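Participant: All letters in the sequence shown, in the order written, are residues 1 to 85 by my numbering.
Keep in mind that the hints are not guaranteed to be accurate.
[As the list claims (entries may be wrong)] FRET-style restraints, in silico, Cβ to Cβ:
#, residue 1, residue 2, range
1, Pro-49, Asp-15, 34 to 42 Å
2, Phe-73, Ile-16, 27 to 35 Å
3, Asp-83, Asp-15, 17 to 25 Å
4, Asp-15, Ala-47, 31 to 39 Å
5, Pro-48, Gly-14, 27 to 35 Å
Treat the hints as calculated values from the structure; they're not laboratory data. All values reported here derive from a predicted model rather than from experimental measurement. Ideal Cβ positions, reconstructed from N, Cα and C, are used throughout, including at glycine.
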Amino acid sequence: MQVYDRQIAVTNQGDIFPAKLKVIRLPGSWYAVIWESPERYASFSQAPPFGSEGFEHVSERDFLDRVQLVASFSQGIDFEFEDGI
Numbered sequence: 001m002q003v004y005d006r007q008i009a010v011t012n013q014g015d016i017f018p019a020k021l022k023v024i025r026l027p028g029s030w031y032a033v034i035w036e037s038p039e040r041y042a043s044f045s046q047a048p049p050f051g052s053e054g055f056e057h058v059s060e061r062d063f064l065d066r067v068q069l070v071a072s073f074s075q076g077i078d079f080e081f082e083d084g085i
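Build out the structure end to end from the sequences listed, making use of the hints.
Facilitator: The structure is reproduced here in structure tokens:
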């Protein structure tokens with residue numbers, strides 16, 4: 001299991017605002033939360049399709065790019081990493 005804790009800037013909800021991305025990466029799935037405040041957050045996850053290798057073999061950069069893509073498609077949240085990964 002790997003845990004990622006990243007500062008992000010949400011870019012599509014009007015004004016750009018800071019938030020935190022926390023991701024728990026397991027060998028076969030992952031879970032994430034984008035958190036601005038107790039009233040404003042979103043959680044999402046992904047499990048690989050049947051027969052897939054999962055996410056264990058994917059580099060950190062490719063993995064975080066996937067999290068960013070899923071956030072955009074599933075939650076409508078676009079963001080940039082403040083630390084540039």
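Participant: All hints are to be evaluated individually against the structure, with a verdict given for each.
Facilitator: Comparing the hints with the structure gives:
Taking the beta carbon of each, Pro-49 and Asp-15 are about 37 Å apart, inside 34 to 42 Å as hinted. Range check, Phe-73 to Ile-16: about 20 Å between beta-carbon atoms, so the 27 to 35 Å window is missed. Separated by about 21 Å at the C-beta atoms, Asp-83 and Asp-15 satisfy the suggested range of 17 to 25 Å. Checked against the hint of 31 to 39 Å, the C-beta distance between Asp-15 and Ala-47 comes to roughly 34 Å, which is consistent with it.
Between Pro-48 and Gly-14 the beta carbon distance is about 34 Å. The supplied range of 27 to 35 Å therefore holds.
When the structure is compared with the earlier hints, a violation turns up for hint 2 alone.
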